[in-house]
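*Asks:* The lines below spell out each chain.
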Amino acid sequence: MTLSQRARDSLDSMMIAGLRQGMGPQHSEMQIRTVPAVEQDSLTHMAVLSIASYSFRVIAALHFAHDARTRAWIAGVVGQDEREMGPQPFIDAICEVGNMCCGAMNRELGAFYDCLGLSTPQILDIRSLPHMAQIGTDHLQHFRIDMPGGLPLHATLCARAYTPMDFHWKPPEVEQVAGELEFF
Amino acid sequence: MMEVLILLCGCALGAVVGWWLCGRTLRNAALQTEDVGKDAQWEVENENARLQSQVDHLHSSLQQAQASMQNAIGQWEQEQRQIEHSAGQQTQAVVRAVVQGAMGHSQTLAKALADLQGISKTFERWHADMSKLVTHNKDMHEKNDEFARIVRQMVIVALNASIEAARAGGAGRGFAVVANEMRTLSVNAEALSKHYRDNLYKNDLIATTTFQDMQAGGKMIINASMGLELTNRKIQAALSA
Numbered sequence: 003m004t005l006s007q008r009a010r011d012s013l014d015s016m017m018i019a020g021l022r023q024g025m026g027p028q029h030s031e032m033q034i035r036t037v038p039a040v041e042q043d044s045l046t047h048m049a050v051l052s053i054a055s056y057s058f059r060v061i062a063a064l065h066f067a068h069d070a071r072t073r074a075w076i077a078g079v080v081g082q083d084e085r086e087m088g089p090q091p092f093i094d095a096i097c098e099v100g101n102m103c104c105g106a107m108n109r110e111l112g113a114f115y116d117c118l119g120l121s122t123p124q125i126l127d128i129r130s131l132p133h134m135a136q137i138g139t140d141h142l143q144h145f146r147i148d149m150p151g152g153l154p155l156h157a158t159l160c161a162r163a164y165t166p167m168d169f170h171w172k173p174p175e176v177e178q179v180a181g182e183l184e185f186f
Numbered sequence: 089m090m091e092v093l094i095l096l097c098g099c100a101l102g103a104v105v106g107w108w109l110c111g112r113t114l115r116n117a118a119l120q121t122e123d124v125g126k127d128a129q130w131e132v133e134n135e136n137a138r139l140q141s142q143v144d145h146l147h148s149s150l151q152q153a154q155a156s157m158q159n160a161i162g163q164w165e166q167e168q169r170q171i172e173h174s175a176g177q178q179t180q181a182v183v184r185a186v187v188q189g190a191m192g193h194s195q196t197l198a199k200a201l202a203d204l205q206g207i208s209k210t211f212e213r214w215h216a217d218m219s220k221l222v223t224h225n226k227d228m229h230e231k232n233d234e235f236a237r238i239v240r241q242m243v244i245v246a247l248n249a250s251i252e253a254a255r256a257g258g259a260g261r262g263f264a265v266v267a268n269e270m271r272t273l274s275v276n277a278e279a280l281s282k283h284y285r286d287n288l289y290k291n292d293l294i295a296t297t298t299f300q301d302m303q304a305g306g307k308m309i310i311n312a313s314m315g316l317e318l319t320n321r322k323i324q325a326a327l328s329a
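Residue numbers (the numbering used here), protein chains in the order written: chain H, 3 to 186; chain C, 89 to 329.
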């Protein structure tokens, strides 16, 4: 196995942490979980980014619906007025979320691999997604992002290793502030 | 009493005679001792004089030896200074040549790294080509969608033709065969159009991810190049110091 199981698990954890970071701290109630397939019916496009090294390639995609509900959400993420957000600023904002996600992954992978590069995001039709498994992959994992308003959001991680790849990454522990005794 | 007195007088006389004899003996001994001391003193003085002469001679020899040694040390130090000066000059020349050589190589490396970072222009060209490819694919998507609409229309027309042929009865039997053939061709064309559309989406994904792989790889090279440039600057600063 070129890509070890713990490396796959580490990449999945990095993807989840990157998505959380990309979507900002205001989505604390957001749940991200791995799913066997993406429900494409409610989605129209995906923002695709790549992280490349000499020995591996990681493709990350954020799937979304190009509709008013997603525009309202992304306007909140980037702090813009929804009514003033045209098609291009909407796409730019989605790409920025993808960029933040992959930027975080890139930084974390940098702890294990010296030479890394991150691409710019590209928007593709969601109908390109089924072909992800055919472009050469050692690890393909889909994620469902459950937002409080029921907004349809998914993500996919696709990794290919050209030499044996094994590392173990754990997300940083969040400081626990609850449970402290308070005296009055 | 007289006897006692005589005895006392005899004793006194004896004592005086004894005292005189003893004093004489002592005086003779003293005179003899004085003669021996004078001889010894004379010998000691002679010996002292001889030794003093030897000491003076040795002192003179020592001073001459010290002077000779100081001259030799002076000459040796001068020669040493000359050697050190010469060696220092040679070492400085060698170090200077090495530093100049290293600085030259470092400047060559700096130029090569600056040229390498120009690879970003190549990525811009690739990006432009990628945009052309995406535009071309989009045009093909539109053409294929148009083709799919025509094929769907053909399916409907072929279906209508089959219905009309059935209405014509025996006279329309030949037309029904043609209509059915047209319908089959339309269905096959629709399947082909769908397959072609799927391949266009696959092509979009392959083109995008391949371009992104090149782009990310290029950024990786630029990042490595920038790291080398920084190190090279530090080396130049160290060589200039």
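If you are wondering where the hints come from, they were derived from the structure by calculation, not from laboratory data. Treat the hints with caution; some may be incorrect.
[As the list claims (entries may be wrong)] Computed list of chain C residues with no C-beta within reach of chain H, every gap over 12 angstroms:
id, residue
1, Thr179
2, Ala185
3, Ala202
4, His224
5, Arg240
6, Ala295
7, Lys307
8, Ala312
[What the hints assert, rightly or not] One side only, chain C facing chain H, incomplete, derived with CB under 10 angstroms:
id, residue
9, Val132
10, Asp217
11, Asp286
12, Ala304
The beta-carbon is built from N, C-alpha and C at its ideal position, and this holds for glycine as well.
*Asks:* Should the interface hint for Val132(C) be scored as holding, given a Cβ-Cβ cut-off of 10 angstroms against chain H?
*Replies:* 97 angstroms, violated
*Asks:* Quick check for students: does the CB of Ala185(C) sit more than 12 angstroms from each CB in chain H?
*Replies:* Its Cβ never comes within 12 angstroms of chain H, the nearest being 35 angstroms, so this holds.
*Asks:* Examine each Cβ of chain H, and state whether all of them lie more than 12 angstroms from the Cβ of Ala202(C).
*Replies:* 19 angstroms, holds
*Asks:* Is the Cβ of Thr179(C) more than 12 angstroms away from each Cβ in chain H?
*Replies:* Non-interface label on Thr179(C) holds, nearest chain H Cβ at 39 angstroms vs cutoff 12 angstroms.
*Asks:* Please check whether Asp217(C) passes as an interface residue: C-beta within 10 angstroms of a C-beta belonging to chain H.
*Replies:* At about 14 angstroms, which exceeds the 10 angstroms cut-off, the nearest Cβ of chain H leaves the hint on Asp217(C) violated.
*Asks:* Over 12 angstroms from every CB of chain H: does Lys307(C) meet that, or does the non-interface label fail?
*Replies:* Incorrect as stated: the minimum Cβ-Cβ distance to chain H is 3 angstroms, not above 12 angstroms.
*Asks:* Evaluate the condition: distance from the CB of Ala295(C) to the nearest CB of chain H exceeds 12 angstroms.
*Replies:* 9 angstroms, violated
*Asks:* Please verify that hint: Asp286(C), Cβ, nearest Cβ of chain H, below 10 angstroms or not.
*Replies:* Cβ of Asp286(C) sits 8 angstroms from chain H, so the hint holds.
*Asks:* Compute the least Cβ-Cβ separation between His224(C) and chain H, then decide whether it is above 12 angstroms.
*Replies:* 15 angstroms, holds
*Asks:* Looking at Ala312(C) again, its CB stays over 12 angstroms from all of chain H?
*Replies:* 6 angstroms, violated
*Asks:* Could you let me know if the closest chain H CB is still more than 12 angstroms away from the CB of Arg240(C)?
*Replies:* 18 angstroms, holds
*Asks:* Hint Ala304(C) vs chain H: min CB-CB distance below 10 angstroms?
*Replies:* 3 angstroms, holds
Violated hints, listed in ascending order, are 6, 7, 8, 9, 10; each of the other numbered hints is respected by the structure.
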